[in-house]
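**Q** Produce the complete structure using the sequences and hints provided.
Chains as they are written, first to last, in the working numbering: chain W, 1 to 334; chain R, 1 to 334; chain U, 1 to 334.
Derived by calculation from the structure, the hints in this document are not laboratory data. Warning: the hint list may mix true and false statements.
For identical chains, the list gives no copy identity; a pair is met inside one copy or between any two copies.
Stated by the list, open to error - Each computed BS3-like pair below joins lysine-lysine, with the alpha-carbon atoms no more than 30 Å apart:
(1) LYS95 - LYS84
(2) LYS6 - LYS65
(3) LYS76 - LYS331
(4) LYS222 - LYS91
(5) LYS331 - LYS314
(6) LYS298 - LYS69
(7) LYS3 - LYS222
(8) LYS3 - LYS35
(9) LYS91 - LYS147
(10) LYS298 - LYS314
(11) LYS333 - LYS194
(12) LYS333 - LYS34
(13) LYS95 - LYS111
(14) LYS35 - LYS2
(15) LYS115 - LYS193
(16) LYS91 - LYS3
(17) LYS129 - LYS91
(18) LYS310 - LYS45
(19) LYS3 - LYS69
(20) LYS314 - LYS260
(21) LYS67 - LYS34
(22) LYS194 - LYS222
(23) LYS147 - LYS2
(24) LYS35 - LYS260
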Amino acid sequence: MKKTLKEIIEITGGEILGDHNTIITNVAGITEAKKGDITFISNPKYEQYINSTKASAIIIKESHKDKVKIPAIVSKNPYLSYAKIIMLIAKETEKHPSGISCNCSVSKSAKIGEKVAISDFVVIDESSKIGDGTIIYPNCYIGRNSKIGENCLIYPNVTIRENIIIGNNVIIHSGTVIGCDGFGYVQDNETLKKIPQIGIVEIADDVEIGANVTIDRAATGKTFIGRGTKIDNLVQIAHNVHIGENSIIVSQAGISGSTKIGNGVTIAGQAGLVGHITVGNGAVIAAQAGVIGDVAPKETVSGYPARPHKHAMKIYALLQKLPELFEEIKKLKK
Amino acid sequence: MKKTLKEIIEITGGEILGDHNTIITNVAGITEAKKGDITFISNPKYEQYINSTKASAIIIKESHKDKVKIPAIVSKNPYLSYAKIIMLIAKETEKHPSGISCNCSVSKSAKIGEKVAISDFVVIDESSKIGDGTIIYPNCYIGRNSKIGENCLIYPNVTIRENIIIGNNVIIHSGTVIGCDGFGYVQDNETLKKIPQIGIVEIADDVEIGANVTIDRAATGKTFIGRGTKIDNLVQIAHNVHIGENSIIVSQAGISGSTKIGNGVTIAGQAGLVGHITVGNGAVIAAQAGVIGDVAPKETVSGYPARPHKHAMKIYALLQKLPELFEEIKKLKK
Amino acid sequence: MKKTLKEIIEITGGEILGDHNTIITNVAGITEAKKGDITFISNPKYEQYINSTKASAIIIKESHKDKVKIPAIVSKNPYLSYAKIIMLIAKETEKHPSGISCNCSVSKSAKIGEKVAISDFVVIDESSKIGDGTIIYPNCYIGRNSKIGENCLIYPNVTIRENIIIGNNVIIHSGTVIGCDGFGYVQDNETLKKIPQIGIVEIADDVEIGANVTIDRAATGKTFIGRGTKIDNLVQIAHNVHIGENSIIVSQAGISGSTKIGNGVTIAGQAGLVGHITVGNGAVIAAQAGVIGDVAPKETVSGYPARPHKHAMKIYALLQKLPELFEEIKKLKK
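**A** This is how it looks when you write it as structure tokens:
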């Protein structure tokens, strides 16, 4: 990329401070940026670098207008403006496989759309369907009777089992397994009898799923991931979980069977949710929280067992004072 | 499937309430069921749906006999009865690969049993052995000198390293790695020297292992998983761990090196166990517990560091009262 | 292996107690050892077995000299001495693939070094480079323009995405994904817009990475793992994380974006670190700790939110006394 700030604001919007002809060739974080880079400021932790950055330009909010000494773009949402420049650079440089490899194995009964890429050592099993424009990287497996939508991107070593339904524009990262059996057994005397998992997984449009994620197929019925939801690496989603739209599930979180997650929910890293509960729209589950009951819409919970966050923080603060408390009680007793 | 209730009880046992000729074509959870489905009630949380369910029939316990208004099967173990119907449906619909693909790579020194399926892009390395009736899905790797028993089911993208021993009727889900090196180093001045992991993994009959699980090979000797034990997705089992029979290890739990787990133990999701401890038969480790010492047989522990569950619950309850406590002490001081 | 103790100390160093001609054929843990094995004692928990072990010889510290009744090697670092014998045995028995398989897919523009092994169903994409002596097991994917150093060992089913840089003598275990996209979105009204992750991952020499690990590529710039650092199974390393040299990250730990970890740091199992913090050289993060702020060099922290370990342990101890405390306050009030 090589653009002037003037050309850049055609993409990002906003207003220029300083030289409109400043040349921008790349993007970088505020502490790594060098000549030619444009950076941004959003996390207040990085405000201290606003004047030491070596970037050629910076994207800022109105409120930083007086502090900045290098060419800048003033934006209502600096992070979104910055993201738009990255999207431009990514378009220029990204390159995906194309065409059907002669080293893959596609069932005769599979229906393959237009402009599909199927790479080396991919297996597309019987009666499955791959939508137009979908790209499948090497060593993936698409099971019998599964349907992948249009313009999906499936990275290497992904496993999608049988009878799975995946929407359009879905991205699935490497090592992820969709439709493995739910963890269902019934005690029969001393031994555990497996309950076959005859349900499916359905993933709506615009979902992104990180690497080495596991999403279990339903016992009966379906496990469902709603439109626009984003799932980070190493997340576990058990059978019959239902997740709404535009929710965020951060790395290593785990959601137990039949739990229902609303729209716009955030589940932070390493949080765990028991089965058969409901998390309302817009709720936030803090990192490492252990959630054992329903969470109301827009509520933030943390700790184990998870409680409303403000209360939990108060308890944590008081905990730190326990040594003094025990001392005081000793004195009082005297 | 299309069966009357009368035919169904030949499989499930139990006694029919209502029309013996009710037609059942499928199974479903109590809230998703529709005409033609049979459902069941086991978790008391779902009792509220006993009369609003659209199922054509329901499997219940004796105690629900008076509450139910639709055709029903009265069973001592409704979940087991339900599971038996699912097993029937699964048998009718399941379809696995068969035969030896011409796109796989099988060493000349490997011994392949009767009726084995080896799918596309599978590698079976030197001197390994695959027992009769075992099915291996695409893109798996079976290492040198490893022995897989009879009637095993190995899903796509599984890695089984060298010198591993796997029993009969073992199911291994996608992305799982068996026999990766244990995490063993010795400090040598500033650097960490790798200790080669020359032991093995042995997995007994009837074990099921979820997706993206990691089971380390022993430093020396063996890591062992006992007969009938079931392991969920994303579980970590370190080198030289020994797990007994019919135990349950839920998703994202981690067991550190040389720890011994008894028979019939339950380790819930995201629990962590330090190394070199012993967990007795029938013990239960609650979700997210951090276990740093031995656990007695049949004991239930929770929290970090894990304590007997009743005590831990009492502490959690008192914690919620800390704000009041601090107030009271202020008053007392006055 | 078949060696006398006299030959063994040429490898291990140290001084022999007892018969110099004792024959050693293998190694084993103190409780599993049998005739012909040499064992060692390091963890005090196993001292009780010093005289019941069936090993033919034992490696001990000076301080155990008077307690031992079988032939022994007295060593300053018994574990290191033991490890050296294991290394010898491993060299005798280990066997890796060699040569370029005719079932792999190597791009014409890839540069492949001398004595490289590329196994069945491996894909080496455009413009990538594989250094001399590197061994790649079956079903791996090496992305466009990625560079792997010399004498690396890459186990089956590993995914290395595009533009990744890997040093020499790096070991990567099965199922691991290097360079998957960081988890970066920007809110745009109700929906989450993906921020393309255009950075890379760089891994220095002598790093070992366990199975089913995920290391995200940087948003911009790089995610970095320093020389000699060892990473266990199922660890998550987010975009732009920077890890120093000779650090240890134990299984199922997670490090959030842009966090900086020093040299010689230990992060124990299932610990979680928020983003944008700094962990100083030599710090220790206890298992399951939830770290939400900077950690000073050499500090040990534990608990959630993580606090200096001694303080955290004191709080945990007082917590157990809460029931008594509440009783006492009741009395005081009276």
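**Q** With reference to the structure, classify each hint as holding or not holding.
**A** To see whether the hints hold, each was checked on the structure:
no.	hint	result
1	LYS95 - LYS84	within (19 Å within a copy, 47 Å between copies)
2	LYS6 - LYS65	within (18 Å within a copy, 77 Å between copies)
3	LYS76 - LYS331	neither (57 Å within a copy, 50 Å between copies)
4	LYS222 - LYS91	between (36 Å within a copy, 19 Å between copies)
5	LYS331 - LYS314	both (25 Å within a copy, 19 Å between copies)
6	LYS298 - LYS69	neither (40 Å within a copy, 39 Å between copies)
7	LYS3 - LYS222	between (49 Å within a copy, 23 Å between copies)
8	LYS3 - LYS35	within (13 Å within a copy, 63 Å between copies)
9	LYS91 - LYS147	both (27 Å within a copy, 23 Å between copies)
10	LYS298 - LYS314	both (19 Å within a copy, 29 Å between copies)
11	LYS333 - LYS194	neither (59 Å within a copy, 57 Å between copies)
12	LYS333 - LYS34	neither (65 Å within a copy, 61 Å between copies)
13	LYS95 - LYS111	both (25 Å within a copy, 19 Å between copies)
14	LYS35 - LYS2	within (13 Å within a copy, 64 Å between copies)
15	LYS115 - LYS193	between (45 Å within a copy, 25 Å between copies)
16	LYS91 - LYS3	within (15 Å within a copy, 57 Å between copies)
17	LYS129 - LYS91	both (27 Å within a copy, 24 Å between copies)
18	LYS310 - LYS45	both (23 Å within a copy, 29 Å between copies)
19	LYS3 - LYS69	within (21 Å within a copy, 73 Å between copies)
20	LYS314 - LYS260	both (29 Å within a copy, 29 Å between copies)
21	LYS67 - LYS34	within (20 Å within a copy, 64 Å between copies)
22	LYS194 - LYS222	both (18 Å within a copy, 27 Å between copies)
23	LYS147 - LYS2	between (41 Å within a copy, 27 Å between copies)
24	LYS35 - LYS260	between (49 Å within a copy, 24 Å between copies)
Consistency with the previously given hints fails for numbers 3, 6, 11, 12, ordered from lowest to highest.
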